[in-house]
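Asks: One letter stands for each residue in the lines below.
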Amino acid sequence: MEKKPEAIKVILATDCGSTTSKARFFKKIKNEYRFVASGEAPTTVEAPFEDVTMGVRNAVREVEELTGHKILAPNGIIVPARSEKEGVDLYVTTSSAGGGLQMMVGGVVKTMTAESAERAALGAGAIVMDIMAVDDGRRPHEKIGRIRHLRPDMILVAGGTDGGTISHVAEIAELIDAARPKPRLGTEFKLPIVYAGNIKARECIQDILDKTFALKMVDNIRPVLELENTEPARQVIHELFMEHVMSHAPGYDKLMKWTPIPIMPTPAAEGKMFRTIAETYNANVIGVGLGGATTNVYSIYEGKFVRTVSANLGMSYSICNVLKETETKNIIRWLPFSMEEEDLHDRLYNKMIRPTTIPQTVQDLVVEHAVAREALRLGFAHHKLLARPLRGVQRARTIADIFEQKTFEETYIDMLKVDWLSGTGGLLSHAPRRAQSALMLIDGFQPEGVTKIAQDSVFMMPHLGVLSTVHPKAAIEIFEKDCLVRVGTCIAPRGTAKEGEELMHVAAKMPDNSTISEHVKFGSIKKIPLKEGEKAELEITPFHGADIGRGIGKKRKAIVEGGVVGIILDARGRPIALPNAEDERKRKLIEWFKALNAYPEKLYETWGG
Amino acid sequence: MGRMNNTMSSQAYTPGLKRKSATIVQQTRRLPISGDVLVKKGDDVEAETIVARTFIPGNVHVVNVVGLLAIDPWETSRYMLKKEGERVGENEPIAMIKSFFGLSKRYAYSPVEGFVERISDVTGQVLVRENPSPLEIDAYVPGRVVEILPNEGAVVETPAAFIQGIFGVGGEREGQLMTVAAYDELLTAEKIKQECKAKILVGGALVTGDAIKKATEIGVKGIVSGGINDEDLTNFLGYKIGVAITGHEDVPFTIIITEGFGKMNMSKKTFTLLNEFDDRQASINGATQIRAGVIRPEIIIPRPELKSEELVKYKEKKEFLEQGLVPGTTIRIIREPFFGALGTISKLPVPLRRIETESDVRVLEAELEDGRRVIVPRANVEIIEE
Chain A
2 MEKKPEAIKV
12 ILATDCGSTT
22 SKARFFKKIK
32 NEYRFVASGE
42 APTTVEAPFE
52 DVTMGVRNAV
62 REVEELTGHK
72 ILAPNGIIVP
82 ARSEKEGVDL
92 YVTTSSAGGG
102 LQMMVGGVVK
112 TMTAESAERA
122 ALGAGAIVMD
132 IMAVDDGRRP
142 HEKIGRIRHL
152 RPDMILVAGG
162 TDGGTISHVA
172 EIAELIDAAR
182 PKPRLGTEFK
192 LPIVYAGNIK
202 ARECIQDILD
212 KTFALKMVDN
222 IRPVLELENT
232 EPARQVIHEL
242 FMEHVMSHAP
252 GYDKLMKWTP
262 IPIMPTPAAE
272 GKMFRTIAET
282 YNANVIGVGL
292 GGATTNVYSI
302 YEGKFVRTVS
312 ANLGMSYSIC
322 NVLKETETKN
332 IIRWLPFSME
342 EEDLHDRLYN
352 KMIRPTTIPQ
362 TVQDLVVEHA
372 VAREALRLGF
382 AHHKLLARPL
392 RGVQRARTIA
402 DIFEQKTFEE
412 TYIDMLKVDW
422 LSGTGGLLSH
432 APRRAQSALM
442 LIDGFQPEGV
452 TKIAQDSVFM
462 MPHLGVLSTV
472 HPKAAIEIFE
482 KDCLVRVGTC
492 IAPRGTAKEG
502 EELMHVAAKM
512 PDNSTISEHV
522 KFGSIKKIPL
532 KEGEKAELEI
542 TPFHGADIGR
552 GIGKKRKAIV
562 EGGVVGIILD
572 ARGRPIALPN
582 AEDERKRKLI
592 EWFKALNAYP
602 EKLYETWGG
Chain B
190 MGRMNNTMSS
200 QAYTPGLKRK
210 SATIVQQTRR
220 LPISGDVLVK
230 KGDDVEAETI
240 VARTFIPGNV
250 HVVNVVGLLA
260 IDPWETSRYM
270 LKKEGERVGE
280 NEPIAMIKSF
290 FGLSKRYAYS
300 PVEGFVERIS
310 DVTGQVLVRE
320 NPSPLEIDAY
330 VPGRVVEILP
340 NEGAVVETPA
350 AFIQGIFGVG
360 GEREGQLMTV
370 AAYDELLTAE
380 KIKQECKAKI
390 LVGGALVTGD
400 AIKKATEIGV
410 KGIVSGGIND
420 EDLTNFLGYK
430 IGVAITGHED
440 VPFTIIITEG
450 FGKMNMSKKT
460 FTLLNEFDDR
470 QASINGATQI
480 RAGVIRPEII
490 IPRPELKSEE
500 LVKYKEKKEF
510 LEQGLVPGTT
520 IRIIREPFFG
530 ALGTISKLPV
540 PLRRIETESD
550 VRVLEAELED
560 GRRVIVPRAN
570 VEIIEE
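First to last, the protein sequences are chains A and B. Take the first sequence: its letters are residues 2 to 610, numbered as in the working numbering. Take the second sequence: its letters are residues 190 to 575, numbered as in the working numbering.
Just to be clear, a hint being listed does not mean it is correct.
To be verified - Calculated pairs, DSBU-like style, for lysine-lysine (alpha carbon to alpha carbon, straight line, at most 30 Å):
1. A:Lys191 x A:Lys217
2. A:Lys558 x A:Lys418
3. B:Lys402 x A:Lys325
4. B:Lys272 x A:Lys330
5. B:Lys272 x A:Lys212
6. A:Lys330 x B:Lys402
Because the hints were derived from the structure by calculation, they are not lab data.
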C-alpha cells in the first residue's frame, strides 16, 4: 500500500548514470526531511552484465553498510518500511545509463522548425544525435544513410506552421520511412516518432509513418513563426521514454517493477531542480551538470528555459573528447606546474580506459580540474548557440541594437544579468574543497557583475528532481538544507585594464557593522570572508571603462550573500586573460589558488610558487 | 560468456581483466538483423565456418520525378511506368510524360538497379531501393555449437585460454601467436621481420610508431603489447579517439594493449601466458567499449586438447573469484602514484578515509609485491583473475 506524503519517513532515490549508479538515502528527522547517506557502484546496463539493477543493488548495498538500515529485498527494494531499520516508504529513480535517451530531430528549415525541435528534445533530457532539415545541405540518400547508421531511440519531427505547406514535412517523413532505422534496444519494438509539425499535414504523415512506427501526434512546436511551443512535445517524449525506450533497456523491466513512479531521464530531473532555484529566488540561473559522459548546461533566463547537452564532453569516459575538442595547450594553461604534453595525454587516455578511477594525488586532481574548466567552457559555448532568439521572426532593430552592433544570431544571455551560477555532477560535487569547484565554475563560465555561486553538495539534484514529482515538500527541504551549498558571491567587472591598475573598489558593510575596503587590481582575485546565511552590503566601483552591471564605470550597490568560500572579488577581466609566458602564468594561477585557499598550502612551494 | 551471478556484494565489483590459461569460452554470434542460421546445435565448426547469413536492405535513392517531368506532385502516380515493388534496372525509365501530342517525351530514370519502394503523390518523389546485399557471420573461434538463436545466430563454445586487454582497435582476426619482444622491452620496427607476415605479434612495454608502420608493410594480423603512445594510435587510425568505443575501425590489423597508454611493462603473468601459447592459433578482437558495463579486447587461444573434467575445476574457480574484493584478492593499482603495481588486499576498512587530495573515500590496504603496504582508493584497483 502506498503511504500518504506526510506518513513517508524513509526515502531512497537512485540515479543510473552512464558510469556510476548513485544511491541517496533520505529520512524524516524531527519533522524535517534530511539527507543521510550515499552509496555508489559502477553501472551495469551494458555487456557483460546487461542488467541495470545489479549496479543499483551494489550502490544501495553500500548505503546499507554505512547506515545499518536494511533496504534490499531478494528481488528489489523493501517498500514500505517494516521498522525503524528496515525498508523505505518511497523509492524513485532516474536514468541516463546506456547513453541516455538518444534522439534524432527533423524539421523543414534548419534554423527555424528544426532548431525548435532540437530545443524541445534537449529540454526533455535527450541527447540529440543529428538534426535533419530539408535545407541542411545533405542529399536525400545521405540523410537516409545517416538515420540508418545512428539508430536513435526516438525521432521528433516538426515542420511548417499550422496551415502551411505539407510537402516539405512529408519529405522528411518519407526519408525516415525509407531509412527504417532499427532501434538500439531490442529488435521487436516499433520505433517511437513524435510528430509536432503543421497540423494540416497530420493525415499525410499518418499515411507515411503509421505502419512501421509508433507514431504520436502533438501540438505544433511552431504553430506560427513568432511562437515556440515545446511543452507538449516534451511531455510526450517523457511518456514514450518510459513506454518504449526504458522498458527495452537491459534490466529496466525489473527496475520499473521496483517503483510505481516513472523513471525520469537524469537531465530532465536535474533541469527540474535548476528551474526550482529560478522559481524560488525569482532569478536568472545558469546551471551545469558535468558528468562522466556529457556536460548538460541549463539556463533559465528571463523566464526562458533552455537545456543543451554536449554529448561527448565528460570527465571520465569521454575525457579524451574534451582534449580533442579543445587543444592540449588549453588544458595545460590551467596547470600551475610543468607537465609534458605526452604525460598529460597518457593520464587522460588512461582515465578514459579506466573511467571509474579517482585522483589520489593532488597533481592528478589539478589535471582533472583543468580538463573540467575546458569542458565547462565548451559546454557553455555550445549552449549559447541554442539560447538565442527565435529565428524567422521579423524584428525591428532599435537604435540601441545598432549601437551595440547586436545581431540576432547571438545568445540572449547577458552574463551581467545572470544571478546564479550553479553546478552539479560527480567532479564538481566531489571536489575536496568548495573553492576548487567555485574556481572551476568561474573559469569555465566567466560570470560578470554580481553572481551567486552554488553547488550540489554530494550530487543529488537528479534524485531530488524526480522526488519533487511525487513529494515536493521533501525534495525542497532536502534541497535547501543538504543539497544546495552556497559557495559565495562572485563580483567580477566586465572589461580589462593594464596589469597592476585598479579595476574595482569594493566597500563592504559587514554583518557586525564593520567595514572593509578593497582596492582590487586587474589580474587579481581577493576574498572577503562571509559565512553561509550572512549578508553584506557592498558598494562596487568599476574603473577603466569596466562594467559591473549598471553601465560602464557606474557604481553598483548590492546586498550579497556569503557562503563556504565567501565573497570572491574577481578582477581578472573578461575574458579572463592568462599570461602567455609560462612562469608568469604558473605564478598567476598559484596566486589565484592562494587567494581562495583552493589547494593545500604546502604544495604551492613544490609547484614553484 | 559474461553472464555473471546476481548476488555480488557491493565491494565485489571492480572491473578486472581476465587472464585464464583454461576456461570455457562462449561466443555469441549474432546477425544485426534476422536471417538464416546455417548450423545446428552440436555441430563442430572452424573459425571461418559461416554460421548465419542475411540480406541487408539496399540503399535508397530519391528520384525527383515531379521536377524531372515538370508535373504537379499529385500527378506523380499517373505518369509512372513502374509500380511500387516492381523491379527496375540501372538507367531504366521509371516515369514518362508525353507532350505536344506525343511528339516530345520526358523521362525519369532509375539511378540504380533495384525496385521501386515508394511513389509519393504528396512530394512527387519516388524512392528506388538497391538490391539487398548478403551479410555473413563466421564462427570466429573453432568449437562446438551449443545453442541456436533462431533467426539470429548461434553460440559457439570452445575450451580455450582467454586473455583480456585494456584497450584495442580493429575487429575480429585470426592468426598464429608469435612473441617478438620481452614484456619490458620496446616493440620496435627491428623486431618485426618478414616471417611475421599474417601473425599476431606479442610483446613489449610499448609498441612504437615505427613498429606499427613496419607491421602494416609486412602484413601482420595483430599486435598485442603493453602500451602505446596516443600519437602513434592517432597516426594508425588517421584520427584522434575521443570516446573509447572501438572495434569497427578500418585498419590493416588489430592492436590490443594490455596495460594502458604510454610505456608500461606488460604484466608478467599476461606475457608468460601468451608466451606459453607461442605458435598457437588465436582469435583476437580489439573491440572495446568503456561505459556502463565494459567490453574489453580479447585474445582467445582455443585448446581442444583440454578434457572436460579439467574444465569443471576451472569453472568452480571462476565463480569463486567473481566474489570480488576480499582480503587476499590479487589486485593491480591502476592510477598514480602506484600505477601498475601488483599486490594483495590486506584490509578493507568500511569507514571513509581521507587521502592526499583531501577526499574522503572508501579505501583498501594492500601489500605490494615489493613488500610496501599502501592505502589506495578502492576505485583505483582492478582484480587480477587467474
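Asks: All the hints need checking, so say for each whether the structure fits it.
Replies: Hints and how they fare:
Taken as a hint, the A:Lys191 and A:Lys217 pair is honoured in the structure, with Cα atoms around 12 Å apart against an allowance of 30 Å. Annotation: proposed proximity of A:Lys558 to A:Lys418 holds, straight-line Cα distance about 15 Å (limit 30 Å). Among the hinted pairs, B:Lys402 with A:Lys325 is consistent with the structure: their alpha-carbon atoms are about 24 Å apart, no more than 30 Å. With a CA separation close to 60 Å, the supplied pair B:Lys272 and A:Lys330 exceeds the 30 Å bound.
For a cut-off of 30 Å, the pair hint linking B:Lys272 to A:Lys212 stands: about 19 Å separates their Cα positions. Using a Cα cut-off of 30 Å, the hinted pair A:Lys330 and B:Lys402 holds, with the two alpha carbons roughly 28 Å apart.
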